[in-house]
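> Read off the chains here:
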Amino acid sequence: MYGFLKMLRSRKIAIAGVAFLGILVILAIFAPLIAPLDPQGIDPVNRLLPPGKGHIFGTDNFGRDIWSRIVFGSRTSIVSSLGVVIFSVTLGIAIGLIAGYFKALNALFMRIIDVMMAFPSLLLALVLMTIFGRGLVNVILAVGITYLTRTTRIVYGMTLKLKEEVYIEAFKAAGASNMRLLIRHIFPNLTSPVIVQATFTFAFSLLDMASLDFLGLGLPPDIPSWGNMLSEGSIYLARAPWMLLIPGFFIVLTVLSFNLVGDVLRDQMDPRFRHDIKGV
Amino acid sequence: MRLFLPLYMAEGKAFDGAQAMLKFILRRIVGILPSLFLVSILVFSFVHLIPGDPIQILLGDMATKAQVDAVRQEMGLDKPIWIQYGKWIGGVVTGNMGNSIFFGQPVLSVIGDRAETSILLALLTLVLILAIGIPVGYLSATHYGTRLDQTISGVSMGFASIPTFWLGLSLMTFFAVTLKLFPSSGFPSILKTGNWANIRYLILPAITLSAPNSALIIRLTRASMLDVFKEDYVRTARAKGLRESSVNILHVFRNSMNSLVSALGFTFAGLVSGTVVTETVFSLPGIGKLVVDSVLRRDYPVIQGIILCIALLYMAINLLVDIAYGWLDPRIRYN
Amino acid sequence: MAGDVLLSIRGLKTHFSTPNGIVTAVDGVSFDLKRGETLGLVGESGSGKTVTALSVMRLYAKPQGRIVAGEIVFDGQDITKMDDRDMHTIRGNSIAMIFQEPMTSLNPVYTIGRQIAEAIQAHRKIKTKEAWDIALESLKKVGIPDPERRLYSFPYEMSGGMRQRAMIAMAISCKPTLLIADEPTTALDVTIQAQILQLIGELKEKLGMSILMITHDLAVVAEITDRVVVMYAGRVAEYADTVSLFADPMHPYTRGLMDSITDIEKETKQLYSIPGTVPSLLGETVGCRFANRCDRATSVCLEKAPEMLEAAKGHWVSCWNRLGTGNGGARK
Amino acid sequence: MRRKFRFFLSTLLVLVAASGVSAATTLRYATIAEPPSLDQQVLTSDQATTIAQHIFEGLYTFNKSYDPVPMLVDKENISADGKTITLTLRQGVKFHNGKEMTSADVLASLNRWGVYGVRGPVLYAHIERVEASSKYVVRLVFKDVFAPWKSLLAFINGGPVIYPKEVAETATKQPILENQYIGTGPYKFIERNPGRYILLEKFADYVSRTDAPDGYAGKRTAIFDRIQFIPVTDVGTRVNGVKAGDYDYAEQISGDLYDMLSADPSIVTVVNEGVMMPLMFFNSANGPMKGNAKLRLAILAALDSTAALQVAVGPKNLWSANGSFMPKGTSWYSQAGLEVYNQKKPALAKSLAAEAGYKGEKITFMVSSSYKIHNDIGLVFTKQLKDAGFNIDLQIYDWATLVSKRGDPKQWDMFFTTHGFVPDPILFSFMSDAYPGWWATPEKQALAQDFTSTLDDKPRRDAWTQVQKLIYQQVPVMKVGDYFMYDIYSPRMQSFGESQLIWPKFWNVSFK
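Protein chains in written order, with this note's numbering: chain A, 1 to 280; chain B, 1 to 335; chain C, 1 to 332; chain D, 1 to 512.
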């Protein structure tokens with residue numbers, strides 16, 4: 001953590017990123033207190049109002065207050081992206097560790113990864129959505145799968161390397177159980193790359209979900225979400241640009257912030273990025 | 001050029017090298033078949049899980065149940081699923097994927113036509129990615145820690161953070177509508193018309209797609225070069241008195257190419273199959289959009305066909321990447 | 001007299017900026033290397049001996065590393081003031097360097113021949129063919145069996161010893177006047193070590209090179225060096241010709257080092273080693289850096305850094321209470 | 001770097017220069033979706049009809065005021081009892097394959113449609129036999145008097161277009177194949193390139209009627225050499241495409257862009273005459289709605305159609321909160337039962353619901369997100385109903401899923417859809433007992449009977465008025481209102497006047 005803060009000092013933009021994410025979390029937690037209006041309050045008379053007094057960010061085609069929807073949307077966005085992260089990371093670590101650690105499973109694992117890679121996540125999204133209708137869980141699953149394969153691959157690769165390490169061999173010799181080795185000795189070495197991967201997952205899953213929303217396969221329209229706001233707005237690009245721009249900027253800023261933070265985290269955690277001095 | 005020459009092949013080892021490689025390739029191709037089989041079953045059952053009825057879509061809202069059932073029977077869609085699968089897979093091995101329910105055309109020709117768009121678009125994008133990603137990433141790595149490096153990171157991140165369809169729409173409104181430099185949408189076939197000028201239809205989409213992807217390649221080039229920088233042989237190269245540039249290119253970049261190759265491989269595969277948003281925005285007849293439309297129309301044969309092709313593509317690229325590995329790094333043996 | 005000094009280092013200071021602050025890896029090092037001689041640079045890891053060598057080559061990691069003071073005069077030119085182009089003409093040409101890790105010091109993706117030829121072509125405008133011929137020559141010089149085939153082998157196809165020979169072949173391919181050998185034998189098994197040392201000795205004679213031998217191994221020093229510089233924590237502790245150094249070590253650290261070698265005759269089972277560890281080189285330190293580990297340390301040692309002074313003819317030492325002649329010698 | 005850039009620029013210029021326009025006049029029409037097939041007899045896709053009407057023709061067609069008038073028919077003769085109708089065909093009409101159209105072709109086509117066509121059975125249920133009494137004469141003999149026959153023959157969307165005998169006789173339930181797209185229309189089918197376009201070409205030997213053009217009727221002259229129908233699903237892209245000059249005509253633009261685009265000199269907007277009716281169907285076969293008219297009336301009372309239309313459609317001139325199932329201006333328009341339409345009285349709704357014995361049971365409301373209008377109105381209604389205390393479970397599916405789910409009474413309580421223009425109320429989906437919702441009360445069946453069994457307009461209109469009244473009592477379906485879609489086209493096209501026909505047609509149309 002200390003190192004992370006140190007790194008931050010050297011990257012001014014990253015600080016901005018952290019700050020923005022902080023604000024976001026506050027918005028999400030205190031949404032009902034912050035949002036001036038009901039994010040679902042339909043008002044046919046005041047449709048498509050440009051930003052101004054009464055509606056700082058204007059209103060959308062339902063006459064709903066965009067700022068209020070942004071505030072509540074931050075909840076949806078955070079929850080869903082977090083869902084993707086948790087799903088992909090937990091499962092990814094589990095599968096990757098086991099597949100990488102037990103030789104017998106390696107081949108099988110590679111086959112499965114092949115298949116998963118070959119299986120467009122979009123199709124999965126479509127299928128889930130058509131079977132169960134649009135919903136949060138479906139979106140998380142659909143997007144999560146893609147990142148699951150990536151995380152798994154990383155963990156798998158690292159486990160393969162790590163278990164060849166001398167000290168692991170040593171513990172083996174000392175008769176440590178597989179479970180113990182995996183959890184006590186291999187897993188800790190995975191944390192930093194996985195954390196890094198997680199931040200990027202968070203960032204890019206947000207974009208992926210926006211794309212799903214654009215295709216009408218994402219979150220149900222009765223939940224305020226930035227992705228839906230953005231895709232609804234895309235029709236109004238010319239008529240009511242703020243409908244597109246405002247959620248757009250929030251998405252870009254969030255993703256950007258996460259990427260920047262992730263970048264710092266990686267440079268700081270991944271030893272190969274540390275300044276190392278030859279010869280000393 | 002010598003940078004890319006598989007030296008050990010030029011130098012007497014060609015024979016055994018080539019033989020080992022041949023064996024390896026054969027083994028891998030054999031290995032692919034079960035995966036494909038797995039995919040085919042998966043897809044088939046998957047697709048038939050989806051509620052909804054292609055015939056209803058075909059005949060429309062007003063068609064009565066009786067009429068729909070009649071057509072379904074004629075098309076053999078009323079048979080038990082495993083019989084349908086057998087019939088389908090039987091056709092597939094003989095190179096016949098059946099007809100599209102919606103278009104009534106052979107699946108292969110439908111896919112083939114879309115493949116042209118997707119592959120051309122993917123190639124064009126790949127060129128852009130390489131042209132941008134590698135040089136910039138190289139700069140970023142060779143100027144590690146400097147302001148330049150940080151600016152590059154910031155900017156590339158920025159591009160990676162823009163939702164695709166937003167970028168696409170903006171490019172279209174500016175370059176197509178305002179400046180009228182490019183056509184706004186669509187893509188008349190090049191193969192059919194033989195008119196290469198049609199490639200201009202793909203430029204805006206390619207730019208849209210290359211924005212996020214080249215950002216990733218920049219990051220990767222940087223990362224993997226930094227990885228190599230601290231290797232002892234780089235220090236040796238310097239100690240030899242090589243110019244900084246030749247050290248960076250001949251030793252650092254050359255040795256960091258492995259990770260790039262695999263990344264580019266899968267980027268390409270992704271570009272062929274997963275660009276539905278861009279295709280929708282620019283209304284391109286591509287594979288990605290065909291997948292979505294076919295699912296929405298429940299056009300089973302087409303969906304199955306596409307997924308099988310995509311799977312094949314992925315595995316082929318997987319193989320190519322592995323071959324490239326050995327080609328780039330003599331230490332890797334094919335066994 | 002100055003004519004026969006090939007390399008003269010005066011008050012060299014090399015800094016590294018790390019996330020945790022400035023590290024003074026080399027702190028005012030001075031010594032001379034005469035033509036045709038083999039100078040040993042001795043010290044534990046972290047003593048700054050390698051950085052000193054890299055400073056001569058200007059190969060310390062950039063941008064973190066920096067020479068902040070002092071001069072390195074090679075053949076009459078001050079290396080610290082050279083621009084990069086001139087530096088390129090010196091590196092690998094008149095000063096060549098071989099490294100500790102033969103396994104990793106060669107690029108795995110190129111053949112030996114190519115890597116040697118590359119070194120040659122970096123300095124001479126000649127055809128690749130000729131360069132390869134020269135490469136073959138130098139492989140022969142370092143006594144690699146079946147050199148014609150080896151030209152086309154990859155590093156991974158060769159043993160450690162072979163690779164080190166290949167490295168040496170690369171180093172001598174441009175007939176350098178100075179060869180810097182950074183622990184060339186540490187990574188090899190004992191039998192090979194001898195061979196390599198012998199090879200270096202022979203080549204020195206054959207090509208009339210001077211050698212800067214960096215090592216922590218006093219045995220090696222005793223074997224092949226003419227004079228020795230003992231470094232500790234970035235500073236020179238003692239600096240003398242090999243004979244008198246072993247006969248009469250004046251710096252407590254030097255003595256410590258000697259005692260830490262097993263005394264074969266007395267078959268001492270217990271291996272003596274200096275208590276404590278090398279201090280962090282972060283920031284400025286007052287006093288003698290060895291003080292915290294020194295059994296002779298007095299208050300002055302903690303207050304003021306000792307000066308270098310010539311205690312006996314050609315025998316320099318920096319210590320407040322050095323072991324005077326006679327009362328030195330190995331521990332009973 | 002700079003060189004690279006200059007290179008890019010130059011290639012770019014080359015490409016731009018290369019983009020020339022071909023000499024032959026081609027109309028490029030951007031459609032919202034791809035039609036499955038162009039076989040008019042078996043499918044009701046409007047996309048298909050817009051294209052197919054250029055290729056195929058029916059015995060009758062509609063004039064500007066959507067009354068059925070002869071097309072391929074020259075003269076008609078109706079027997080005194082109204083049960084025998086003798087149609088004399090126009091002579092010398094050529095199919096695209098060069099053959100002349102005769103009664104044999106008509107007979108075959110009618111029979112195929114009557115048996116396998118979507119709307120055919122509606123007519124054939126009343127027909128005793130059809131016969132080709134001579135080369136140019138076809139006779140339809142009815143079991144009973146069936147009024148809507150002419151409208152049905154004129155309505156080519158899912159209607160009896162005339163194919164050559166060879167095609168019609170072999171054709172069955174499945175749509176005919178592309179090489180069978182042979183009609184008598186002013187344009188002939190060239191090729192279909194899925195995802196890219198459907199291409200039509202002027203038919204040189206077209207034999208046109210000679211009477212003055214009137215709506216779809218009268219003289220038809222093909223002026224464009226070719227017509228290209230290009231699927232462009234994204235509305236933003238359709239608009240940009242016309243602005244950029246890549247398309248000449250684009251259909252179904254979103255309402256909220258109307259004012260802006262009308263003001264834009266680079267674009268002309270034209271409203272489509274085909275009235276669209278958003279409808280909310282109730283499940284009469286199962287669930288809390290079954291046989292509970294009170295509850296349905298409660299829901300009706302809660303809803304504010306004006307708000308819904310305002311949100312979903314936008315500009316005032318594109319919608320009207322009209323509860324009459326046949327639009328204003330048509331002879332079928334009626335106020336019957338409208339007192340319960342569009343009341344926006346949540347309080348009343350609550351009390352009615354209470355009387356109906358509603359205790360907050362879950363009401364499943366299926367809406368498709370495939371169409372913006374469905375999605376938007378669905379959202380507004382859900383909000384309004386929730387505010388009125390109904391426990392609405394909004395389920396959003398793609399259209400295909402909704403269509404299949406609505407076929408099963410156990411899956412839903414209400415679903416949302418939109419119907420287009422029908423020339424005769426008999427063609428309303430809910431007039432068939434089999435349509436999801438399964439409205440089949442004896443009262444309905446009785447009224448439907450007197451409605452069809454007379455040829456005179458007056459009694460038919462009164463009968464329909466009764467049906468509408470009944471609908472507002474039993475509420476099998478709720479009409480939200482009327483809205484109109486509009487299209488855009490490039491100013492280089494000759495004007496379409498203040499309104500566009502339901503299915504835009506491009507004969508008698510040209511560039512300026």
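A portion of the hints provided could be inaccurate.
[Stated by the list, open to error] With a Cα cut of at most 27 Å, we get these calculated DSSO-like pairs of lysine-lysine: (1) LYS163/A - LYS230/B; (2) LYS230/B - LYS103/A; (3) LYS206/C - LYS175/C; (4) LYS230/B - LYS206/C; (5) LYS294/D - LYS458/D; (6) LYS405/D - LYS290/D; (7) LYS135/D - LYS150/D; (8) LYS161/A - LYS65/B; (9) LYS405/D - LYS143/D; (10) LYS65/B - LYS135/D.
[Stated by the list, open to error] So, partial list: chain B residues that the calculated Cβ filter (under 8 Å) puts toward chain D: (11) LEU58; (12) MET62; (13) ASN99; (14) PHE103.
Simulated from the structure, these hints should not be mistaken for lab results. All C-beta atoms in this analysis are idealised placements derived from N, C-alpha and C, irrespective of residue type, glycine included.
> The structure should be examined with respect to each hint, and the outcome stated for every one.
Now for the hints, and whether the structure bears them out:
1. LYS163/A - LYS230/B: holds (24 Å)
2. LYS230/B - LYS103/A: violated (32 Å)
3. LYS206/C - LYS175/C: holds (10 Å)
4. LYS230/B - LYS206/C: violated (34 Å)
5. LYS294/D - LYS458/D: violated (32 Å)
6. LYS405/D - LYS290/D: At roughly 17 Å apart (the allowed maximum being 27 Å), LYS290/D and LYS405/D satisfy the hint.
7. LYS135/D - LYS150/D: holds (21 Å)
8. LYS161/A - LYS65/B: Answer violated: LYS161/A to LYS65/B is near 60 Å, above 27 Å.
9. LYS405/D - LYS143/D: violated (37 Å)
10. LYS65/B - LYS135/D: violated (37 Å)
11. LEU58: It holds, given that the least Cβ distance between LEU58/B and chain D is near 5 Å, below 8 Å.
12. MET62: holds (5 Å)
13. ASN99: violated (10 Å)
14. PHE103: Holds, because the Cβ-Cβ distance from PHE103/B to chain D comes to roughly 5 Å (cut-off 8 Å).
When each numbered hint is compared with the structure, violations occur for hints 2, 4, 5, 8, 9, 10 and 13.
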